[in-house]
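Number of protein chains: 2
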Amino acid sequence: MDKLLILRNLSIIIIVAKFFALSARKLKAPQVVGEIIAGLLIGPSVLGWVKADNFISGIAEIGVILLMFSAGLETNIQQLKKTGLKATVIACSGVFVPLIFGTILYMCFYGFSTPPSEEFFSAIFIGTILTATSVSITVQVLKELGKISDEVGTTVLSAAIIDDVIGILVLTVVISFKDPSNKISDVILRTGGFFVAAFVLGIIIYKLLSVIDRKYPHTQRIPIIGLALALGMSYVAEKYFGIADITGAYVAGIILSSLDDSAYIDRKMDVNSYMIFGPVFFVSIGLQTDLKTLDTTILLFSICFVIVGLLSKIIGCGAAGFITGFRDRDIFRIGVGMMTRGEVALIVSKKGLEEGMIDSRYFTAVILLIVVSSILTPIILKALYSEGKNSIGSEG
Amino acid sequence: MDKLLILRNLSIIIIVAKFFALSARKLKAPQVVGEIIAGLLIGPSVLGWVKADNFISGIAEIGVILLMFSAGLETNIQQLKKTGLKATVIACSGVFVPLIFGTILYMCFYGFSTPPSEEFFSAIFIGTILTATSVSITVQVLKELGKISDEVGTTVLSAAIIDDVIGILVLTVVISFKDPSNKISDVILRTGGFFVAAFVLGIIIYKLLSVIDRKYPHTQRIPIIGLALALGMSYVAEKYFGIADITGAYVAGIILSSLDDSAYIDRKMDVNSYMIFGPVFFVSIGLQTDLKTLDTTILLFSICFVIVGLLSKIIGCGAAGFITGFRDRDIFRIGVGMMTRGEVALIVSKKGLEEGMIDSRYFTAVILLIVVSSILTPIILKALYSEGKNSIGSEG
Numbered sequence: 062m063d064k065l066l067i068l069r070n071l072s073i074i075i076i077v078a079k080f081f082a083l084s085a086r087k088l089k090a091p092q093v094v095g096e097i098i099a100g101l102l103i104g105p106s107v108l109g110w111v112k113a114d115n116f117i118s119g120i121a122e123i124g125v126i127l128l129m130f131s132a133g134l135e136t137n138i139q140q141l142k143k144t145g146l147k148a149t150v151i152a153c154s155g156v157f158v159p160l161i162f163g164t165i166l167y168m169c170f171y172g173f174s175t176p177p178s179e180e181f182f183s184a185i186f187i188g189t190i191l192t193a194t195s196v197s198i199t200v201q202v203l204k205e206l207g208k209i210s211d212e213v214g215t216t217v218l219s220a221a222i223i224d225d226v227i228g229i230l231v232l233t234v235v236i237s238f239k240d241p242s243n244k245i246s247d248v249i250l251r252t253g254g255f256f257v258a259a260f261v262l263g264i265i266i267y268k269l270l271s272v273i274d275r276k277y278p279h280t281q282r283i284p285i286i287g288l289a290l291a292l293g294m295s296y297v298a299e300k301y302f303g304i305a306d307i308t309g310a311y312v313a314g315i316i317l318s319s320l321d322d323s324a325y326i327d328r329k330m331d332v333n334s335y336m337i338f339g340p341v342f343f344v345s346i347g348l349q350t351d352l353k354t355l356d357t358t359i360l361l362f363s364i365c366f367v368i369v370g371l372l373s374k375i376i377g378c379g380a381a382g383f384i385t386g387f388r389d390r391d392i393f394r395i396g397v398g399m400m401t402r403g404e405v406a407l408i409v410s411k412k413g414l415e416e417g418m419i420d421s422r423y424f425t426a427v428i429l430l431i432v433v434s435s436i437l438t439p440i441i442l443k444a445l446y447s448e449g450k451n452s453i454g455s456e457g
Numbered sequence: 062m063d064k065l066l067i068l069r070n071l072s073i074i075i076i077v078a079k080f081f082a083l084s085a086r087k088l089k090a091p092q093v094v095g096e097i098i099a100g101l102l103i104g105p106s107v108l109g110w111v112k113a114d115n116f117i118s119g120i121a122e123i124g125v126i127l128l129m130f131s132a133g134l135e136t137n138i139q140q141l142k143k144t145g146l147k148a149t150v151i152a153c154s155g156v157f158v159p160l161i162f163g164t165i166l167y168m169c170f171y172g173f174s175t176p177p178s179e180e181f182f183s184a185i186f187i188g189t190i191l192t193a194t195s196v197s198i199t200v201q202v203l204k205e206l207g208k209i210s211d212e213v214g215t216t217v218l219s220a221a222i223i224d225d226v227i228g229i230l231v232l233t234v235v236i237s238f239k240d241p242s243n244k245i246s247d248v249i250l251r252t253g254g255f256f257v258a259a260f261v262l263g264i265i266i267y268k269l270l271s272v273i274d275r276k277y278p279h280t281q282r283i284p285i286i287g288l289a290l291a292l293g294m295s296y297v298a299e300k301y302f303g304i305a306d307i308t309g310a311y312v313a314g315i316i317l318s319s320l321d322d323s324a325y326i327d328r329k330m331d332v333n334s335y336m337i338f339g340p341v342f343f344v345s346i347g348l349q350t351d352l353k354t355l356d357t358t359i360l361l362f363s364i365c366f367v368i369v370g371l372l373s374k375i376i377g378c379g380a381a382g383f384i385t386g387f388r389d390r391d392i393f394r395i396g397v398g399m400m401t402r403g404e405v406a407l408i409v410s411k412k413g414l415e416e417g418m419i420d421s422r423y424f425t426a427v428i429l430l431i432v433v434s435s436i437l438t439p440i441i442l443k444a445l446y447s448e449g450k451n452s453i454g455s456e457g
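Protein chains in written order, with my numbering: chain A, 62 to 457; chain B, 62 to 457.
These are computed hints drawn from the structure, not numbers from a lab. The reader is advised that the hints may include incorrect statements.
One copy or two, it doesn't matter: identical chains are merged, so the pair holds either way.
[Unchecked claim] As a list, the in silico BS3-like pairs of lysine-lysine whose alpha-carbon atoms are at most 25 angstroms apart:
id: 1; residue 1: K87; residue 2: K268
id: 2; residue 1: K64; residue 2: K239
id: 3; residue 1: K143; residue 2: K208
id: 4; residue 1: K112; residue 2: K64
Everything numeric in this text was worked out from a predicted model, so none of it was measured.
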């Protein structure tokens, strides 16, 4: 690997990513979208300045570990317990409806298939990509509307968190299925084994770290031990339990989320993430997408994918919302609040690419879904809330 | 490159490095020493847990770029101008005396040689390793003694900074010499060309960044642009001017050192550095050192190298101090203050290894010099100052 090439590529990636991230923000779009577009621009699709190589892939891998670790750290376990049942029902329905709809969509385009065939797993994988709501975008929108702590807001937030966990479980199960020698009982056993091991290890590490945390708050050692734990658990999860490495990082984050210094760890991870690892991760997605390979079938598929992706969440979550007692506009607020997709959809897609379950062409569809959902959600939610305010106003 | 191996190695490096860094600090030794020992322990010398690979080398390279960028950012140009002449004379003498002594030492051990031979360049390179005083260790010691802003303190600090610049110039010239087709005039022309280009570019970038800095202080974009500049200038320096990449990073730091937000940039670089890149850099030095290859000749050489390294700085800087008007204990304070070696000596050694100018066995000598000088300097300086205080006390 050429040392100078590393310096050159990183320098280009960092500056172009930041420029497009800021431009995206100016246009009220998520910064992530800007970084992906930066990757498309400097990658094989347009300019061809930077080629994805082993080093960039390695940095991107650390980037996604940091992101998932951070998502775990931000989990509020207390809040999760409180909204409990309602959120769980909405999350489950919001995972399985898009999973089934996505699978059917793929089969409509590329023919129906059954379990042992490659095509069947590709179809399931397309459904899996649709399962995860983006917590960060949902939170941001609800915060901006000042609706984050009312019943609908809390439920949506909890459901989005539970949705992440279920989505990752589904991902793990789907990836394990690919190898036909794997029995479903083995997968469940291994997944269960990992969570039991993580739970026991988690309690021990949490106790140990709590002592250090109280004795030396806000010292470098806390985030460093956290980072080593995230990397180590990612490794152990995939190597010894056959679970996706990002699951390990996410669980490491949840373990540390109750520490007094969890926000401190998260801030330090954030600095590491936004400087090098995060931009490289999102740009590398653009680098791996070659828009020149786009044909009309993929374009048509992408448009249908976006429509199915948005509607399946609204239907899945809305219906579950109705069953759990929400009425009128609240049903739509929950559905629309859950329809945003973000990093996790990309992470899942990249995982599928690595495992050879989907083609890199489908990144286009995923990117389109993220862009459309990130732009539509704030607009529709705002409309749903301001109508509500008006009607309350006229009632009052 | 195996993705899982990356996660495993990084996790081990980060946790073991931190543990040894903290242990070193408990023993009043610099943390850097602990990280190098961590590398020796997990590398081929002892446990063999981690092998240096391409990915680790790449991360280490970014680590050294970040370190040199940070050293550049901490440069106080005003202070540099004030102490001017005295510091320059001390710095020059403090570079050339160790350079000559080191070269002679190598020749005493391995035979005298003349310019076109490989051995001659190895000898010169051993001298070059001895040239650079470690700014960070010197500053830390003077701060602890509360003597950083008196005449001796300011002079030592300025001399240490100028010493770095001259040391890097010497390094560049020595590396360029190895290729016999290189004429010395070309080297000077290229080096001059780089500094002129950097100066012009520097003014432009500085003006542009000042505007952004004032308009959006403390925003992510400032350190990100800085980082991209450091990486980009490292690339351009080595690729187009044949100058060591670390020189580019250092100059990028100096360019930004007068920005209002330079301390803010430095803090963000620091978080990036201490989490992953810094530890990997120092640990990788330990990983590349195989103590099993130690024979008695190298051990004897190492001991002589340490003695020559310490004495040549005391003689070189002390004599220049006497010439520029310092008297009595101040002469020794300057000499001892300048004798600490640190990161830069390691960086130079690593450079020499990459260029095939020295053998990795000499790392042992360099590590020994850093450990001994880092422990002796604070002890001797403290003694030199407390004696002074006592005699003032008895006078007063």
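Tested hints:
no.: 1; hint: K87 to K268; result: between (44 angstroms within a copy, 24 angstroms between copies)
no.: 2; hint: K64 to K239; result: between (37 angstroms within a copy, 20 angstroms between copies)
no.: 3; hint: K143 to K208; result: within (17 angstroms within a copy, 58 angstroms between copies)
no.: 4; hint: K112 to K64; result: both (15 angstroms within a copy, 18 angstroms between copies)
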